[in-house]
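Novice: In the order they appear, the protein sequences are chains G and F.
First residue of the first sequence: 0, per numbering that gives the first Met the number 0; consecutive thereafter.
First residue of the second sequence: 0, per numbering that gives the first Met the number 0; consecutive thereafter.
Don't take every hint at face value.
[Unchecked claim] The following label-pair restraints were derived from C-beta to C-beta distances: (1) G/E199 to F/R105: 33 to 39 Å; (2) F/A243 to G/R178: 49 to 55 Å; (3) F/A243 to G/V61: 34 to 40 Å; (4) F/G211 to G/E136: 26 to 32 Å.
[Stated by the list, open to error] Partial selection, computed: residues in chain F whose CB lies under 7 Å from chain G: (5) A48; (6) E52; (7) M204; (8) M206; (9) T209; (10) P210; (11) A220; (12) E229; (13) R231; (14) S236; (15) L237; (16) R238.
Note that these hints are calculated values from the structure, not bench results.
For every residue, glycine included, the Cβ atom is placed at its ideal position computed from N, Cα and C.
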Amino acid sequence: MVCVVTKAAPLAAAARPEIRVALAGNPNAGKTTVFNAITGARQHVGNYPGVTVEKKEGERTVGDAFVHVVDLPGTYSLTAYSLEEVVARNYVIDERPDVVIDVVDASNLERNLYLTTQFIELGVSVVVCLNMVDMAESMGRSIDTELLSELLGVPVVATVASKSEGVEELLTVAIQTARDGHGAARDVRYGRELEEHITELVELLEGAGGLPGVPSRWVAIKLLEDDQEVCGDVARDVPGGEELLDHVVRIRAHLEAVVGDDAELALADRRYGFINGACAEAVTSSAEEAVDWTERIDRVVTSRVLGIPIFLILMWGMFELVFRFGAPPMGWLESGFGWLGTQAAAWLPDGPLQSLLVDGIIGGVGGVLIFVPQIMLLFLVISLFEDSGYMSRAAFVVDKLMHHIGLHGKSFIPMLIGFGCTVPAIMATRTLESRRDRLTTMLVTPLMSCGARLPVYVLLTGAFFAPQLAGKVIFSIYVLGVLLAVLMARIFRSTILTGPLTPFVMELPPYRMPTLMGTLLHMWERAWCYIRKAGTMILAASVVIWALLSYPTPPAGFDLQGEPEIAYTVAGRLGRVIEPVIRPLGFDWKIGISLTAGMAAKEVVVATLATTYSIEESEETGSTAVREAMRRDPIFTPLVAYVLMVFVLIYPPCLAAMAVLWRESGSWKWLAFAVAYTTTLAWLVSFIVYQGGRALGLG
Amino acid sequence: MVDAQTLTESLEDYLEAIYQLQRKNGTVRVKEIAEFVGVKMPSVSSALAALKERGFVEHERYGQVALTPEGRDTAEFLCRRHYALTAFLRDILGLDAERAESEACRIEHALSAETLRRLLMLLDFIERCPRGGDQWLARMLERWENPPCQHECAACVAEIAAPACNPFASQRDTETATTLDRLDPGQRGKVLRLSGEPQIRRRLMDMGLTPGAEIEVERLAPLGDPIEIEVRGYHLSLRKREAAGIAVEPV
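In isolation and in its complexed conformation, chain G is listed as follows (with noise of 0.2 Å):
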């Protein structure tokens, strides 16, 4: 599942020794700008084998050597916590890269060198980028960067990556400890006490072989954290592992009594304490600090009374600026394509050929293409909010409200965007750090109802309510949307998503200027892979569609018996063949071919009906004739419109929704899961409600 952004040409790579770099480092530390800075555009983007965790390599000449970067995903540690400190953990010792570079953000130096303690640890060539030294140094901070390198026992390089600044340093340095390494790093010591456990442990280990690629100490200090993976590896391949874990369990217990906390803490502790003491040497402050512009932005932007206003008016404006300014290019593209159908029409002879490339091939990739516009706004405005440091302010400010359905307060973004389209709302999940809410927020927010249910709405209301109350119908099937939502996101996180929720320990950052170069190169990152990656399914899929509602066609003569065409096709039969399941909600075998057809796009049904109605499509007319038509219908009331609204909000999305929804969720299992539920779901609503509705006399 690799999808490739920007090809570079393999570089004589086998001619040219290569360098494996992977560069580490918190969230936030300018580890995205350090890489796109050493690479360029030259970057690919993948998923690490079997998670969905978003991998980027890159390469790099640099002088003789061939230089490889790997993004490691960011984490504050290498604990076992997230799948994200999983992936970069195993990177790290299963594909032993020449050198580590460890991304550390100058201003907050503390927290960041956390990480680069456990590098170190963990027996790897470290080199520490020093990133952002202007803004430490703004902040009244210099670093004495050979002290902290004598201190930590690794090279440390000042960077500003932002402006490229130090970055050739940091490659040259980089390569250099590729290549020979650098001396004995420098290792926490834990103190007595835990030192004599620690020891204890490694004699043990090494006695039974230890575990390939880690020195034994990490090992050990892993085992009195309890760390479930290493104690996992431990059991497996050391001989007499079981018994070594027994063991652990002793010490831990004896360290608690002794420590009178548990051994993870002291080990903390002491890792702090170590840093604490680096950074006093090392780190001079002067007295005057400059203005905090954090701090005064914070203090409005997340204000007891203006936080949400603010939060409020952004995301209107990320909405308007998507969906508006988006609408022209969408717009466009259709009539470009709708150009290029009458064009291939002119030239080719009326038939299956004609038909298959014009409303099968060219209409699948105008389906496509069509979203690109969208999906590119929607991530450049994603980009600013996450570069800025916004992001994590707008989780801040409405948590709470998304605490109540078991979410993160990040879940808020796409399940907004998902009024507009479902397409990016569901690939705006990314910024969800934990798998679980990402799921969660996958799987409800086709609920919220998107822009493309609008025009069924709209013909429907229009046929069978009054104009004054038109507008509330409609609402109320947008609430409904939002409330079944709720609902299921409440009930997934406690049946098939069940686990802790994720704690909101997340760090606020401080605000920073976004740079152009990511931001472009995050949107054309993102439309790519959903060209790539979603568009090839979609195409594939609107072609079956096509084929299932064009296929068979009726022979010669054939007497349809004033039946429509489309009765006779594979979509026409099945809408026969399910008219029973659909005829308690008072639905008939016309409304099930719509239905049908609407899977592939919801604006398809109102298309379908006109079809089913053998209504000629002409722009203006064609509405109200249908209309005309459908309120002739005799199965067609007031409540059985309704019902097929509110069927219309809850069904499968669209295919391309769908295949996003597959691509993102990384598993066939989900993508039919959700079609699994949202079907039944619909079917259950549309049921009570038309049920519901014909008990209370309204049929």
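Chain F: place on chain G using the hints.
Specialist: Structure of chain F alone, referenced to chain G:
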């Protein structure tokens, strides 16, 4: 910090005893004090009268004994001093715990606030020195056991047993201890302990919320939850639910 110089050694011991008992049981009776210090009831009564006169305790005849706020501050200082000294004797000089404790009892009364401060700094410096104060200390202990010279001191040094060090228990709860979610915006505090689910504790530790870390509550979110704090020079947000698992001592 209250100047403890006005107290005699024995009154200091009584004050410490009352403080410890109050923390342990909540209420303190004369009989308990007598048992704790190891004296007879009448001696306690006269000591209490002296402490009451200085405004350190409230004592109803035949009733319960309670420390005044002033008494509590003084007692806390005494306890801290006692602990620091014990830690120094045990962890740095390598005396065994029992001996460290008993010698600390005798030395402590002579220590001024300034000496205590310096002693704490020395402890901190050695424990946390980035150049490996710990290794340095280990070498020194070795040297004591195998002295390079054969002077007479070797005989007493040989007595030194392997120390049971307990540098982490320094964060003790006091009566003012509370949890992070109860601090108001603008209030500062020091982390004492973390409790709660292991996953969350682990994350909090990784983010720098370890015992001793200083924090300041910056603000509450507009809806009252989560909260934003400053710790180790950066800003962190967490829900009140998570903050409730963090015991802090307001500063």
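Novice: Run every hint past the structure and note whether it holds.
Specialist: Evaluation of the provided hints:
| no. | hint | verdict |
| --- | --- | --- |
| 1 | G/E199 to F/R105: 33 to 39 Å | holds, 36 Å |
| 2 | F/A243 to G/R178: 49 to 55 Å | holds, 51 Å |
| 3 | F/A243 to G/V61: 34 to 40 Å | violated, 51 Å |
| 4 | F/G211 to G/E136: 26 to 32 Å | holds, 28 Å |
| 5 | A48 | violated, 37 Å |
| 6 | E52 | violated, 37 Å |
| 7 | M204 | holds, 4 Å |
| 8 | M206 | holds, 6 Å |
| 9 | T209 | holds, 4 Å |
| 10 | P210 | holds, 6 Å |
| 11 | A220 | holds, 5 Å |
| 12 | E229 | violated, 9 Å |
| 13 | R231 | holds, 4 Å |
| 14 | S236 | holds, 5 Å |
| 15 | L237 | holds, 5 Å |
| 16 | R238 | holds, 5 Å |
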